[in-house]
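*Asks:* If you want the building blocks of each chain, they are given just below.
Number of protein chains: 2
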Amino acid sequence: MDKEPVFQKVYEYLDNRIKRGDWKEHEKIPSVRKLGEELGVHRLTVLKAYQRLKEQHKLYVKDKSGYFVHPGASYSFSDMDDPIVTSFIYKSHLSEIHRIPVKYQFSYSLIDPNLLPNHYFSEHMKEVFDLNPKVLSTYSTIQGDNDVREALAQYFNKKYQFHLAADDLLITSGSQQAIDILSRIFIQRGDVVLMERPTYSAAIDIFRQQGAKIVTIDIHPYGYDLNQVEAFMKNYKPRIFYMNPTFHNPTGYTVPTNQRKELVDLAEKYKCFLLEDDPFNDIYFHDLPPKPLFSYDTSGYVLYIRSFSKYIAPGLRIAVLCTRPSIMKHVITVKSLTDNGTPLLNQKMFLHYFSSARLQQHIEKLRIALHIRKEIMEEELATTNWNWISPNGGLNLWIQLPDTLEMETLLATSLDHSISFVPGSICDPTKDTKSWIRLSYSYIKEQMIREGIQKLLVLSNQIENR
Amino acid sequence: MDKEPVFQKVYEYLDNRIKRGDWKEHEKIPSVRKLGEELGVHRLTVLKAYQRLKEQHKLYVKDKSGYFVHPGASYSFSDMDDPIVTSFIYKSHLSEIHRIPVKYQFSYSLIDPNLLPNHYFSEHMKEVFDLNPKVLSTYSTIQGDNDVREALAQYFNKKYQFHLAADDLLITSGSQQAIDILSRIFIQRGDVVLMERPTYSAAIDIFRQQGAKIVTIDIHPYGYDLNQVEAFMKNYKPRIFYMNPTFHNPTGYTVPTNQRKELVDLAEKYKCFLLEDDPFNDIYFHDLPPKPLFSYDTSGYVLYIRSFSKYIAPGLRIAVLCTRPSIMKHVITVKSLTDNGTPLLNQKMFLHYFSSARLQQHIEKLRIALHIRKEIMEEELATTNWNWISPNGGLNLWIQLPDTLEMETLLATSLDHSISFVPGSICDPTKDTKSWIRLSYSYIKEQMIREGIQKLLVLSNQIENR
Chain A
1 MDKEPVFQKV
11 YEYLDNRIKR
21 GDWKEHEKIP
31 SVRKLGEELG
41 VHRLTVLKAY
51 QRLKEQHKLY
61 VKDKSGYFVH
71 PGASYSFSDM
81 DDPIVTSFIY
91 KSHLSEIHRI
101 PVKYQFSYSL
111 IDPNLLPNHY
121 FSEHMKEVFD
131 LNPKVLSTYS
141 TIQGDNDVRE
151 ALAQYFNKKY
161 QFHLAADDLL
171 ITSGSQQAID
181 ILSRIFIQRG
191 DVVLMERPTY
201 SAAIDIFRQQ
211 GAKIVTIDIH
221 PYGYDLNQVE
231 AFMKNYKPRI
241 FYMNPTFHNP
251 TGYTVPTNQR
261 KELVDLAEKY
271 KCFLLEDDPF
281 NDIYFHDLPP
291 KPLFSYDTSG
301 YVLYIRSFSK
311 YIAPGLRIAV
321 LCTRPSIMKH
331 VITVKSLTDN
341 GTPLLNQKMF
351 LHYFSSARLQ
361 QHIEKLRIAL
371 HIRKEIMEEE
381 LATTNWNWIS
391 PNGGLNLWIQ
401 LPDTLEMETL
411 LATSLDHSIS
421 FVPGSICDPT
431 KDTKSWIRLS
441 YSYIKEQMIR
451 EGIQKLLVLS
461 NQIENR
Chain B
1 MDKEPVFQKV
11 YEYLDNRIKR
21 GDWKEHEKIP
31 SVRKLGEELG
41 VHRLTVLKAY
51 QRLKEQHKLY
61 VKDKSGYFVH
71 PGASYSFSDM
81 DDPIVTSFIY
91 KSHLSEIHRI
101 PVKYQFSYSL
111 IDPNLLPNHY
121 FSEHMKEVFD
131 LNPKVLSTYS
141 TIQGDNDVRE
151 ALAQYFNKKY
161 QFHLAADDLL
171 ITSGSQQAID
181 ILSRIFIQRG
191 DVVLMERPTY
201 SAAIDIFRQQ
211 GAKIVTIDIH
221 PYGYDLNQVE
231 AFMKNYKPRI
241 FYMNPTFHNP
251 TGYTVPTNQR
261 KELVDLAEKY
271 KCFLLEDDPF
281 NDIYFHDLPP
291 KPLFSYDTSG
301 YVLYIRSFSK
311 YIAPGLRIAV
321 LCTRPSIMKH
331 VITVKSLTDN
341 GTPLLNQKMF
351 LHYFSSARLQ
361 QHIEKLRIAL
371 HIRKEIMEEE
381 LATTNWNWIS
391 PNGGLNLWIQ
401 LPDTLEMETL
411 LATSLDHSIS
421 FVPGSICDPT
431 KDTKSWIRLS
441 YSYIKEQMIR
451 EGIQKLLVLS
461 NQIENR
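Quick note, the sequences are listed as chains A and B, same order. The opening position of the first sequence corresponds to residue 1 in the working numbering, with each subsequent residue numbered one higher. The opening position of the second sequence corresponds to residue 1 in the working numbering, with each subsequent residue numbered one higher.
So here's chain A without its partners, still in its complex pose:
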């Protein structure tokens, strides 16, 4: 669990103010007593922070008259690297790896553009404009276009026996925005969030940015240790359990039905909201996955996020958030502050495809294509002593490397040879998952998967035999 003692906060607060030049060189800063009162912390804590800053030559003492700012302690704007931003900003590590252009792209958990219905949109765009002549000159409502919400509510109700009205849905610009909105509603600095270990790295960044303390629950091929979940809910009183229970990212594991029901009961008992992020539900290779936790929820403790555009046209950025009215009103408020509503054009284009018969045909084909790619990747990896559980859906293999192969070395070497993958540590809030990697089979063609994995294995052999 994150720890941040009061001293650290006071120290950082002062350090920040000195850096950004709130006081001039040789200016006297407030007395220990005054600042203690202002911040509502004990004087000794303030004194300790002042002393630390003195040791670092940022403050100096003039015999008994107090603490003064040391020349050079504040940054001039030109060499200022970081001081003007809040300490709540964390880097999005995943996006850094994604920014490196490579030939063998195993780090994108995205669908190969060649598998997407690009043609359809270019052909049918005109229809969208004819049906909605002012689609570009008007804003969507903040909650999202009513036709889109109706269509999605019907789809959910039919497929999963949800009980949704259109007003229980809000359209977001991608599922990440939905997580971000919920984090801004539920999380205050210091609140606890439960997360799976490993988990979706962008979600880690979002909750941390909001100041959450993160407590992790291991996810296993059979689900969670529910005793641990209960103990953590009881002890840590988390506000949210962020989960990805169906073809989980990065592992591909699926939480079974009996656990889903129990989790909903635990959520209600301990008043911990379950944020069910469900991007891969449609990408199953054998049986249909269990129904979402949301379908077992009668008391409103499950918040359901579903990305749709991912499998159709990721460029549209359309996801949906389902929740009860008491939460929805806050979601609408934050969405209004964030961007005042997702663009109407994108929603109407999505609807045009979503309502067409092609959607089901497309997703069926997509499932087959991804299944084949997964099998090719597994075939190439079969000769290794690497460990993974073959997933029944999703876009990734979650692989444990042998002790003899250091992940960091493999990553650096791979990037040099134009191969990228996601290091497991990025998916772990505790950063402990050092011998695991995520290989996505969804983004590049069959033949490229073969080539890329073969090259990766040559590199790994070289590393092991050094």
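In short, the hints are calculated from the structure, not lab data. Be a bit skeptical, because a hint or two may be false.
[As the list claims (entries may be wrong)] Heads up, incomplete: computed chain B residues facing chain A, CB under 8 Å, no partners named:
#1 45
#2 124
#3 126
#4 135
#5 205
#6 317
#7 338
#8 357
All C-beta atoms in this analysis are idealised placements derived from N, C-alpha and C, irrespective of residue type, glycine included.
Got chain A sorted already, so can you dock chain B onto it with the hints?
*Replies:* Coordinates of chain B only, in the frame set by chain A:
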């Protein structure tokens, strides 16, 4: 200025935890001493909060053994109205007025869809797809499409003598998102933000949500009182001065060139960033407005936000944020967490129009159409004893009602008669501006403006003669 003593924070924190049921009925809560240590606040402060909660029958004392949760103090989920959200969430008041459907729409500071080039987009969409066949199957970079940023940088450099490279720009989904991103970077709870009074109400909501203390500077037809600006920068050490200096919303006032230069100097002197929101620059009726403050900035203390899609296709939601590299890297991080990048389709469509010769013709026509609408509104209002300064640009009249006419009554009566406008209090962080209203002349047709204002004046006469 907002005040929130430590006691209030501790009290709200506890009240919140009790409401949301972190402790059960009759459960003992932590001792005064323990909680004081945990929160890093003085024991007396905690005790005071416990006593207040006891007075409110949320806690009770059992002889010397401590404080216990009173039955009924926590909300059950069903009757819970607000307790599960953070106290940082404020309602967006403007969007509430906008949600009321009316015939005479004077509250939308938006361009009438009939004045926008809807046809163009429906005709030229196919070209966008032909030029960018995979526009829907790929994501934009987080910072925004490079071609779009190049085109905008060139435009700014030529028109205003900015010195921008494409990397100094980030594309956002509307200007509100740009403000939100900057507030998340610059503002920690308790930081001071300077705002004009009156100002753009959504910006008030955004800064408040981030926990800012807001200090206001009156904006006058001739600009600000710069002595006051300097005194406030010196005393309050604000992180940001949010301003809308050109055809200001809601007043229409423009800050003159000499003040712009001085403001940039003050910003550097007091290390206060100027957030220059410039949505109306192109909507002038006579002379070109002064150059943006950003063009006088050599030290990086001006952050420039410009919305473009507003006058072309508001449904696209395209705005741009200009800043220096040291800030830009943080902007990119927060944008990546927020929504991972503005949809590529919307950017490419915008670019298609922005690069065409039609843009300038369109904006020229738009200026004339809006000028005419403004004059019609003023003509109808000429018979009243209402006060306003005729604006040289923008979309609104900012009007002071006579003492004999109560604004709240006028608003309620108007809404009953399908006329809406924005009450001045919404635009004022201090809520003091009670006798002012904003009437937008941009959204409805000439004849409707006449009719609507005539009806409004009949209603106001009735109210005054009651």
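*Asks:* Hint by hint, say whether it matches the structure.
*Replies:* Now for the hints, and whether the structure bears them out:
no. : hint : result
1   : 45   : holds, 6 Å
2   : 124  : violated, 10 Å
3   : 126  : holds, 7 Å
4   : 135  : holds, 6 Å
5   : 205  : holds, 6 Å
6   : 317  : holds, 5 Å
7   : 338  : holds, 6 Å
8   : 357  : violated, 19 Å
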